[in-house]
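Enquirer: In order, the protein sequences belong to chains A and B. Numbered according to the working numbering, the first sequence terminates at residue 347, and the numbering increases by one at each position without gaps. Numbered according to the working numbering, the second sequence terminates at residue 347, and the numbering increases by one at each position without gaps.
None of these hints come from the bench; they were simulated from the model. In this text, a Cβ means the ideal position worked out from N, Cα and C, and glycines have one as well. It is possible that part of the hints are untrue.
[To be verified] For each label pair, taking beta carbons as the anchor points, the in silico distance ranges come out as:
(1) Asp159/A x Arg19/B: 57 to 65 angstroms
(2) Pro282/A x Lys48/B: 46 to 54 angstroms
(3) Arg19/B x Ala65/A: 46 to 54 angstroms
(4) Glu264/B x Arg311/A: 44 to 52 angstroms
(5) Glu333/B x Asp161/A: 42 to 50 angstroms
[Unchecked claim] Below, a list of computed lysine to any residue pairs in the SDA-like style, where the Cα atoms sit at most 20 angstroms apart:
(6) Lys45/B x Glu56/B
(7) Lys285/A x Ile283/B
(8) Lys285/B x His327/A
(9) Lys285/B x Val334/A
(10) Lys285/A x Ala284/B
(11) Lys256/B x Thr236/B
(12) Lys285/A x Lys272/A
(13) Lys285/B x Ala284/A
(14) Lys285/A x Lys272/B
(15) Lys272/A x Gln198/A
(16) Lys285/A x Val334/B
(17) Lys265/B x Arg306/B
(18) Lys285/B x Ile283/A
(19) Lys265/B x His193/B
(20) Lys285/A x Glu333/B
(21) Lys285/A x Lys45/B
(22) Lys249/B x Arg233/B
(23) Lys285/B x Glu333/A
(24) Lys285/B x Val287/A
(25) Lys256/A x Ala280/A
(26) Lys285/A x Leu286/B
(27) Lys272/B x Arg311/B
(28) Lys285/A x His327/B
(29) Lys48/A x Asp210/A
(30) Lys285/B x Leu286/A
(31) Lys285/B x Gln326/A
(32) Lys285/A x Val287/B
(33) Lys256/A x Phe207/A
(34) Lys256/A x Thr236/A
(35) Lys190/A x Asp218/A
So you can see what is in the structure, the chains are spelled out below.
Number of protein chains: 2
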Amino acid sequence: MPDLRYDVLGIGNAIVDVIARADDDFLVRQKMQKGGMALIDEGRADAIYDAMGPAVEASGGSAANTIVGVAGFGARAAFVGKIKDDELGRAFAHDIRAAGVAFNTPPAADGPSTARCYVMVTPDGERTMNTYLGAAQDLHPADVDPDTIAAAAITYLEGYLWDPPHAKEAFRKAAKVAHEAKRQVALTLSDAFCVDRYRAEFLDLIRSGTVDLVFANERELTSLYQTADFDTAAKALRNDAKLAVVTRSEKGCVVVSKSDMIAVPAAPIAKLVDATGAGDLFAAGFLFGLARGRDHRTAAKLGAIAAAEVIQHIGARPEVSLRELAQQNGLPV
Amino acid sequence: MPDLRYDVLGIGNAIVDVIARADDDFLVRQKMQKGGMALIDEGRADAIYDAMGPAVEASGGSAANTIVGVAGFGARAAFVGKIKDDELGRAFAHDIRAAGVAFNTPPAADGPSTARCYVMVTPDGERTMNTYLGAAQDLHPADVDPDTIAAAAITYLEGYLWDPPHAKEAFRKAAKVAHEAKRQVALTLSDAFCVDRYRAEFLDLIRSGTVDLVFANERELTSLYQTADFDTAAKALRNDAKLAVVTRSEKGCVVVSKSDMIAVPAAPIAKLVDATGAGDLFAAGFLFGLARGRDHRTAAKLGAIAAAEVIQHIGARPEVSLRELAQQNGLPV
Chain A
15 MPDLRYDVLG IGNAIVDVIA RADDDFLVRQ KMQKGGMALI DEGRADAIYD AMGPAVEASG
75 GSAANTIVGV AGFGARAAFV GKIKDDELGR AFAHDIRAAG VAFNTPPAAD GPSTARCYVM
135 VTPDGERTMN TYLGAAQDLH PADVDPDTIA AAAITYLEGY LWDPPHAKEA FRKAAKVAHE
195 AKRQVALTLS DAFCVDRYRA EFLDLIRSGT VDLVFANERE LTSLYQTADF DTAAKALRND
255 AKLAVVTRSE KGCVVVSKSD MIAVPAAPIA KLVDATGAGD LFAAGFLFGL ARGRDHRTAA
315 KLGAIAAAEV IQHIGARPEV SLRELAQQNG LPV
Chain B
15 MPDLRYDVLG IGNAIVDVIA RADDDFLVRQ KMQKGGMALI DEGRADAIYD AMGPAVEASG
75 GSAANTIVGV AGFGARAAFV GKIKDDELGR AFAHDIRAAG VAFNTPPAAD GPSTARCYVM
135 VTPDGERTMN TYLGAAQDLH PADVDPDTIA AAAITYLEGY LWDPPHAKEA FRKAAKVAHE
195 AKRQVALTLS DAFCVDRYRA EFLDLIRSGT VDLVFANERE LTSLYQTADF DTAAKALRND
255 AKLAVVTRSE KGCVVVSKSD MIAVPAAPIA KLVDATGAGD LFAAGFLFGL ARGRDHRTAA
315 KLGAIAAAEV IQHIGARPEV SLRELAQQNG LPV
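Could you build all of it, start to finish, from the sequences and the hints given here?
Expert: Have a look at this one:
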């Protein structure tokens, strides 16, 4: 077994967020499903960009945000995802490396441009996303280096990887390599509509033990089991998964294992500014705690403070040191 | 005389800001003059970007920020500045148009990329800037359309235009056209180091009446007259300029005219987050007030609330409606 070089390695869509404030009327006029993530083609991307207000660009991508969070806690982190060698791609690479994350996936020299997610933030702080996958569609199994996967305690995969055509093969390859090296595999269900697109496959990943740990929010969980009742869905998840965490926004989270179900409250916030990245940063804290051998409750508390930080400003990456934030909150790092 | 189509038209460097937090040690290691703006070449730009932390990209440019602010108050605004037809250039054009500003300068098809300003924000909220002028260097007199200038009540020019080789010719052309059409011309001195580079020319612009209104902060003013004493410099300015406004950070501003000197306090803020754009947005409010025929004190109050808004968040463009902000503060719009 190779040396442990990374606490957490993430594989996901490498995306630059284009973030603007919008009112609810804008979402209605643009036929956007509030709070969800829709996939769009280039023509629709251009039309949305023309219609939306002044924006800022910031590196994003669900698993990438998580991995930056893991590094922010002081852990060793790596990311695999496909950019193009263009201005946005170079910004993505700069930002994730500047955050201390190892990122060595070769950029695409041609083909579609680096993926963009148009994020509309409404006055209530909710975010509605439209993603043009672009170069992220070209993530292939060849981009997954077995030695690197085997060197990571946890490999973390986003459900969104089911959207690009070859990425699920990269996902399955990584999961296989990780388990052969006696490492852990984690999955986030990503989005309720994503779950709706790939329900059978996600259930199979969980039930077959291809993933050891599942992250879901309430909407994703109830979409997975096609029930409106949280408790019913949570029981079903407990039956299917080895370990799972269900996040419930301001109600905190529930850690679901065979032995027990632990509820952990959300961390207090002054004001919800932009919900983008809440789930991603919760996962960062939980994965960091797990990689450091903490109990589930402590891991969930680490997740809660990271999520609370990221929703109090625009953008999906932390603006302060999560390591110091944990220390200020009396949590182990 | 053509119809009045714009309250304020700005000419300036079209720049995308690349903003990151940095500590004071970083500035020292990188030999950066805290609080100033340094011009850099492409090699230095790459070196700074490699060394700096995770960043966000947001449209900037001093006069462009001002003009977006003018539009935010509900006035008719236009901007002239040179981008390249690349990803950052398209972002600049999108953002300024989405803010309601007329922007029709043809982008450069080739040559250097769209200008970038690397902005380091230290924990005290001060910003230190390094600008790679790129495509902004290619602003030529031909980019200044006389009919458009003549249709603007005030043409606003940034001192930074003295840096690109041909932009000062565009500046002089615009000032001439404006005065022939009986319009007003305003100038910001931009930066103390910029004043140091072009002191004689700036003094000539003011003394010759090429500009009717001058904006300066304390450091720019004392650099202009090469004295450490504010009162001495203010008296000299009063002698030279028809009308001037000197901004003094938390001490507010002084409106300097032949008839009197009016001090107006700064608007209160909760926390200084990022000083970028403070002077630009002050100018926006003052120019808006002037274009609407308000007295100097009211115009300065409009400037003060716009400056207070922009320094309480990251980035140099307002995040809320300045029109509504003015109304909430009992100021006329």
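Enquirer: Each hint: holds or not?
Expert: Structure-based check of each hint:
no.	hint	result
1	Asp159/A x Arg19/B: 57 to 65 angstroms	holds, 59 angstroms
2	Pro282/A x Lys48/B: 46 to 54 angstroms	violated, 35 angstroms
3	Arg19/B x Ala65/A: 46 to 54 angstroms	violated, 25 angstroms
4	Glu264/B x Arg311/A: 44 to 52 angstroms	holds, 46 angstroms
5	Glu333/B x Asp161/A: 42 to 50 angstroms	holds, 46 angstroms
6	Lys45/B x Glu56/B	holds, 17 angstroms
7	Lys285/A x Ile283/B	holds, 17 angstroms
8	Lys285/B x His327/A	holds, 14 angstroms
9	Lys285/B x Val334/A	holds, 16 angstroms
10	Lys285/A x Ala284/B	holds, 15 angstroms
11	Lys256/B x Thr236/B	holds, 18 angstroms
12	Lys285/A x Lys272/A	violated, 36 angstroms
13	Lys285/B x Ala284/A	holds, 15 angstroms
14	Lys285/A x Lys272/B	violated, 48 angstroms
15	Lys272/A x Gln198/A	holds, 17 angstroms
16	Lys285/A x Val334/B	holds, 16 angstroms
17	Lys265/B x Arg306/B	violated, 26 angstroms
18	Lys285/B x Ile283/A	holds, 17 angstroms
19	Lys265/B x His193/B	violated, 34 angstroms
20	Lys285/A x Glu333/B	holds, 16 angstroms
21	Lys285/A x Lys45/B	violated, 38 angstroms
22	Lys249/B x Arg233/B	holds, 15 angstroms
23	Lys285/B x Glu333/A	holds, 16 angstroms
24	Lys285/B x Val287/A	holds, 16 angstroms
25	Lys256/A x Ala280/A	violated, 23 angstroms
26	Lys285/A x Leu286/B	holds, 18 angstroms
27	Lys272/B x Arg311/B	holds, 15 angstroms
28	Lys285/A x His327/B	holds, 14 angstroms
29	Lys48/A x Asp210/A	holds, 16 angstroms
30	Lys285/B x Leu286/A	holds, 18 angstroms
31	Lys285/B x Gln326/A	holds, 15 angstroms
32	Lys285/A x Val287/B	holds, 16 angstroms
33	Lys256/A x Phe207/A	violated, 24 angstroms
34	Lys256/A x Thr236/A	holds, 18 angstroms
35	Lys190/A x Asp218/A	holds, 15 angstroms
Violation of the numbered hints given earlier is confined to hints 2, 3, 12, 14, 17, 19, 21, 25, 33; the remaining hints are satisfied by the structure.
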